[in-house]
Structures are given as structure tokens and as C-alpha cells.
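Trainee: The chain contents come next:
Number of protein chains: 2
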Amino acid sequence: MTVFFKINSSLIFILLISASTLRAQKVDFSNDTTTVEAIYQYTLTNGKCYDWLDYLCNKIGARLSGTPAYLAAAEYTRQVLDTIGLDSAWLQPVTVPHWERGEKEIARVVNSSRGSYDLRVLALGSSVATGEKGIQAEIIEILSNEQLQQLGQKGVKGKIVFFNRPMERGIVRTMSAYGRAVDQRYSMPTEAAKLGSIGAIVRSMTTKIDTFPHTGGTQYLPAGPNIPAFAVCTKDAENLSDLLKSGPVSVYMRSTSKMLSDKPSYNVIGEIKGSEFPDEIIIIGGHLDSWDIGQGAHDDGTGCVQSMQVLHTLQSMGYKPKRTIRCVLFSNEENGLRGGTEYAAQAKSKGEIHIAALESDSGGFTPRGFNFEGHPDIFVEKFKKTAAFVDILAPYGLSFNPGGSGADISPLKEQKTLLIGFQPDLHRYFDYHHTEADVFSAVNQRELEMGAASMTALIFLIDKYGL
Amino acid sequence: MTVFFKINSSLIFILLISASTLRAQKVDFSNDTTTVEAIYQYTLTNGKCYDWLDYLCNKIGARLSGTPAYLAAAEYTRQVLDTIGLDSAWLQPVTVPHWERGEKEIARVVNSSRGSYDLRVLALGSSVATGEKGIQAEIIEILSNEQLQQLGQKGVKGKIVFFNRPMERGIVRTMSAYGRAVDQRYSMPTEAAKLGSIGAIVRSMTTKIDTFPHTGGTQYLPAGPNIPAFAVCTKDAENLSDLLKSGPVSVYMRSTSKMLSDKPSYNVIGEIKGSEFPDEIIIIGGHLDSWDIGQGAHDDGTGCVQSMQVLHTLQSMGYKPKRTIRCVLFSNEENGLRGGTEYAAQAKSKGEIHIAALESDSGGFTPRGFNFEGHPDIFVEKFKKTAAFVDILAPYGLSFNPGGSGADISPLKEQKTLLIGFQPDLHRYFDYHHTEADVFSAVNQRELEMGAASMTALIFLIDKYGL
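These protein sequence lines are chains C and A, in that order. Just so you know, the first sequence maps onto residues 1 to 467 in this note's numbering. Just so you know, the second sequence maps onto residues 1001 to 1467 in this note's numbering.
Note that these hints are calculated values from the structure, not bench results. The beta-carbon is built from N, C-alpha and C at its ideal position, and this holds for glycine as well. It is possible that some hints are incorrect.
Pair ranges (Cβ atoms, derived) [unchecked claim]: (1) C:E75 / A:N1031: 51 to 61 Å; (2) C:T45 / A:K1026: 45 to 55 Å; (3) C:A388 / A:R1173: 51 to 61 Å.
Same shape as in the complex, but just chain C (with noise of 0.2 Å):
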């Protein structure tokens, strides 16, 4: 009986395999909607782009520009590319940016009424220094440019200002509550030296009251002014704005940070060649380089793996392009975009012709649609063919939009490339980002692959259809 069972149940698995095997390496490419339907299948049965997140943050980790780390993440993605059966993968060089935290910067309330205590702080990419002792001053809460303005030198120089508008919960679309906050610390801190100001603390871009600093870029003027800018996490912003209430306040910054020289690093690449027009060149990618903190695993490895799946998918599932599709993990999205800018000077040089770019780099949620923008003269023409696509896609939850794409591919858009932003669900988006929360942890692996999928059906479409 037991043997009866063992010879049956083996054959059932057999053929359960053989089923799925079968299924995998027979798809009518013909039929748009079984394919898509197969690469979703494929994409989360087979998937590789977790485990790949999982080496890229767990065994590598950050990977700020110029930083070691960002090699061994260039390397490890390049020897994968390398082994999946591509037609070819390489590193493009390209000199980037080098900058450093330094020692953990301080940035102390000193005696005020609740006395001295200290604030939860990151300095942000490319802040200066305050030099070995560093800096203490009166502080002053600041809620927009308008009112920075109105104060003036005379209200803000020889200040430590506190730009504190709060990242609206109320605003739907997160990325828009974060567009309408991330001025402040972007361009602020410069505006503010500019006045005088000698140091800045910006409150972090979330809509949560959490209790760890997010980082970011903040505008780094060649020329000058610039001054130690930092952010602070909106729990002791919210504190710090309650204390300002009950009389002035001062606070200590300190910080070692500085911008070193400039360093060899890489853009990764690899490619399958088109099989009737291999001219024709369509491109995925995500950007490589992440902040100095957590383990850049939303922003961005989800979109380098995301993309190096893409191929994966696409030649483990038998499909030969028409065009050649090449899967571009940037460099330096972070501090510089000298990456995105040095693969449009290439591909511009080498007179190659990039048809459409898709980045993904909103993290690794479920998918919920693509963005589309390019140069005036293609949009409307290009941006139609695609969006006819959408009954295909829309089955699972996808929309097309007019919208942002990408910073590493934006550079394409004036060699007239049909630019495509990954759209993923953001409601989680800015708990993580550019913090120490952004963790390979916080990823959830069905939801990459989802996104993964959405990806490689689009990029089947327009592969087999052109623009």
C-alpha cells in the first residue's frame, strides 16, 4: 500500500513538475495575453531579483558613491549579469562625487528650559563641515521660503535655522506631499546661507512622527555660501518646534563631514541583442549607489534587481527580442547623477538609438502603473502606441499616466527617448527612505516580483511592437 502510495505520489510530482516546466518554456509569444500572463507566472515562481536583494544588502550593505562598497555592488551585479545567459555584460566607467559622513555628527539643545539633550540627527549628503569644534547658536523655526525671506539678514544671520513645514499626511500621493516639503532641504539650507545662516537643521521628509533622521541631498553651491546642514527626525522636530514656544533656545552642531576627491566607478550593464532591429536599443535599469545608511535596499536595489530580472525573465522564458534590451544599473543617482549623465553622453557619441528607458526607483511595492514623459516632439505619438498596451496590463492593477520617469534616464530625453518611471504603490515609501529603516527586511518579496513582472510585460510589448 505504502509502496502503491510512494510510486503514485512520486508520479504526481513528476508530472506536476513537468507541467510547469513545460509551461515555462512554451509560450506562444504570439498571444499578448497568455505571455504576460506567463512572465507574471514565471516572475514569482522562479524569481531571482530577492535573493540577489538579499546578497546586495545583507552581504554588501550602503553603497555611497566612491565608497568601496559601491564597487563590490558593481562587481557583484556585473558577475550576475555575467551568468544568466546575456549576450554580454560590462562595467562603464564613469568618475563620480566622493563624500563622507565623517565622525557621527552632534547637533545638542543646550540650556534651554528642558536643558541640554540631544537631537537625533544625520548630516545631509554633500553638508560641510562646522570644523573640529563645531558650532552653537540660537535656532529659529522656519516654515517656508516666503518667511525666510521676510526675515531677511537681519533676522537670520549669525543663525542656526530650523526649516520645519511638516511633509503633508493629508496629500493622497506621497510623492507630491514630498515635492511640496523637500525644498527645505534641498535648496533651503544654501537660501538660508545666502541671509547669513550659519547652520541648518531640516525636519525629515515622512509624514510619520518616527524617531530616526532621513537623510538626503542637499544643494551644494561650488561658489558658495554653503553651511553644515542636517537633518533631524520629526519627533524632535516636533519637540524642538514645542520648546521654541516657551522662549529662544541654542543649539551645538557638529559634524566632520567633507567632500573628498573624486573616484573611479562604474555605471553596470548587461544586454541581449536584438534579434531584427539589434539599433533599436530599449533600456531598464534602477541606480547601483544608495546613502551611507541602512542598506539601500527600496532605494534603489529593488529597481537594480528588478531590472536585472527583466532580462533574466525574458531569456529564461525562451523569448528572443526583436531589439536590444540592455538592463543599465547607474551610478552616483544620489549625489551627482554623473552616472545618467555619462550613459546619454555615451550612447549620444557612439550615435545610439535608445527607443524607450524604463527606471524603476519608487521601491519595490506592489506595482500600480508606469509614468510617461519625453522630448515634445515623440510624446504624444509614442506615449499613445504605448498606452494601448493597458488593456493588456490592466488586468494586473496597472495604469498608464503622464508623469515623472527617472533622474538617471532624464538625460536620454533629449535624444528623443520615450521615458518610463516604474509606478509602485508609496504609501510605505518614505518610512524607509534614505534612513536606516531602508533595510533588506522591509522589502516583501512578492511585491518586488510583482513589480518585476510589471516591468517585463511592458518591456515584451514594446519590444515586440516598437515605438
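Go by the hints and put chain A onto chain C.
Mentor: Chain A only, in chain C's frame:
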């Protein structure tokens, strides 16, 4: 200067506060688009549902029907409903079954080629006990009911059955994958019992390979036969399956679970009386009971607090509904459906007219839309009428589809109520479903509030236009 700044800053602060308060108070309810926008803004800014869920999960925790914890949850939610300005809040008595897990269950592989070791298991809800001494027998792996029937009494009698067909990762809709696997948990143990099996171990219902079991209800036949049935974590299921390839394996099972006498319980109800058509009732709800492990966060604490939030939001925004809107927190969804059954019976005996019922019982994730079903006499007409709202709600990522609604409201079908199921994104649901991992920290505040706002928006439109 500082004084000038401080006055200025305070003024701005006051102006900001006033603007947001005014905005919440002065919604023009005649304009659906701006009302819906205001509903989202209010909920994301002033929602209380996350705090209520915190209390329900962290202060009360798991709340299986018939337990003191369930009564604590009923009293807590009644008190909340009693204090948010509704017209009335009350408890509706209902008698519920009372099953108890007893001592920690044991399932142990004995004398195998890998020695003896414990499997990570949980008795299924309503499972009978093994008796004090436990049971021991050869275990056989079965992948389908067809295979079970083929083995028949000869192959199954005296054995422990191991149902190990995976919930398929490759299916995009996790609820479909669940539906295709859950017969193994619900009905197959009793099917095996009919053939003389003495115990059942069922692979947990999740697409992940994880290390904790996912419990859930199993069929209990009053006339028998019933056998002890456990869920085993998928990691151990994979290993056990592998072990069985090298020869027969015996398993020891012990559980002291028991079905106790029925206990008094309550549905919790809060209501705003309709101003124009008080006799037309619209309900929103979830189930307040949970399994006895974890904290019943996504299943279904989120559905309860979202339903409470709908009334709180409408009330706080100053909306006077035309129809009577009721929040109903049902007792005993997990192991009996007595709450939903009693609610419908009472509605019928009182001659109440329920025009629509909306249930949230799929977790507190980002909203994706609503499912609709109903009695054939009314369905097409009423779905059509409701579907007209999709233009207003589509910008929030919501779609309207025919489909299953919710277990608790299903008994209202014969009363020709339009039944609506809230549909969140379900990719993470089965990571938590019926496990120790279904706790407060697994719920994201924004996602929860987005769901509550979506439910509120739909209820507002149904109330305003009728059905």
C-alpha cells in the same frame, strides 16, 4: 527680531491650523469630488483608527469567540462608538461556540532517518483532541482529494494524512491561490476520517516558506467522524515531504483541544440615524473575533476600526446622512458565523431594510477597490447604479468588480441587500493570516487610513444617491 519672528511664526501656525479646521468643517457636500478629497484628507490627518487598533491589539490581543478577551473587545469598541457622537451604540446578544486549544499541541516525527524532532504546528480551530496520550502512526503525503479517494480506505486507514499541496506562488491573485488550496484545511481532514485516517497534518496556507504555522477553521461534523487536525509551517512541510522520499515515517500527535459549551457574546453596533430615509439602512463592518494566536490585527481588527472610522469621519466632518448608517462588528466569524447569522435574523424579524452592506475582512492594506454581489433580483440594477461612482473613486486607485463580499454580511443576501467587499492589496495578507505574526506592527498606518477613507467615500456616495 526674535520677537518679530516669534509672533510671525505663531501667526502662521494659527492660520495653518484654522485653515485646516475650516476646511474640515466647511465641506461642500454637494460637490462629490471635493467631498471625497476632503474625506481622504480628514482621515489621513485626523483618523483615529490606528490608535483604536493599537488598543485592540496591544491592550486586548487575540480574542477568540467565547473568551473573556472577546468580551473586553466588545466593551472597548462599544465604549468608543458611544463617545464619538453617534445617535446610539449597543450590544446585540448572540450565542457563540467556544473552542479551546488546550495545552501546546505536539507533532513529532519519530524514529526517522533524521531521528526524532518536533514539527511546528497549531491545532486547527474546531479540531478534536488526540486524547491525553496522543496518537502515533505512519504519515502519508497526499496532494489532492482525487489522490485521497484513489488511496481509499485501504491506503488511509489507521494512518495520519499529510495534505501538502502548496498554495501556488505563481497565481497573481493570492485569494485565488488560497481558494485552490484551502479544501485541504477545511474539508479534507473529515474526508480522510471517513476513510479511517486517525489524524491530519495540513500544510499552512501561505505562498511563503516560513517557520510558523497558519491555523484556521476545519470542518467539524456533529455526527462525526472527526480527527485531530493540525497546520504545519511550510518549512517543516517541505522537509517532511523530502524525508518521506527516503522511506516510511511515523508521527506522534498530541492535542488536548476541546469544544466547550456555547457562551454569550455580542455584535457591537453604532448608528447615525438617517435624516430623510431613516428606514433605509446601510451597514459597514468587520468581525471582532480573531483566532487565539497573534493579535488579530489584519484579521480583522483593521476591518473593525476602519468601519468605526467611517462613522467617525462622517460625523466629524459634519455630514448628516440621509439614510441610517450603522457600523456592525460581528462576533464569531472565524468559527461559526453566529454573529452574522444572528444580525441578519434580527434584521429580518424586525422588518428592517438593508440597502447595502460593506464588509472589510481582507486586511488593512492599500485599497484597490470593491467587490459586489447580491440576490439575482437586484444585483445587475444596483451594481450598475453603484458602478457609476467609479469615476469619482478611480483617481484613488479603486476599481469596482463583481465578486465575493464578506462572510458576515452574506446572510443578508436573501434580504436583497447589495453586498460589498472592500478589496485591499493582498500580496502580504497570507504572510500574516491566522498566525502569530498578525500583530499591530504588521499594519501600516497610512495604508489602514487609506482603506478607511475609501470605505467612507463609497458609503457617502451610496447614502447621498441611494440605491
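Trainee: Output the numbers, in ascending order, of every earlier hint that fails for this structure.
Mentor: 3
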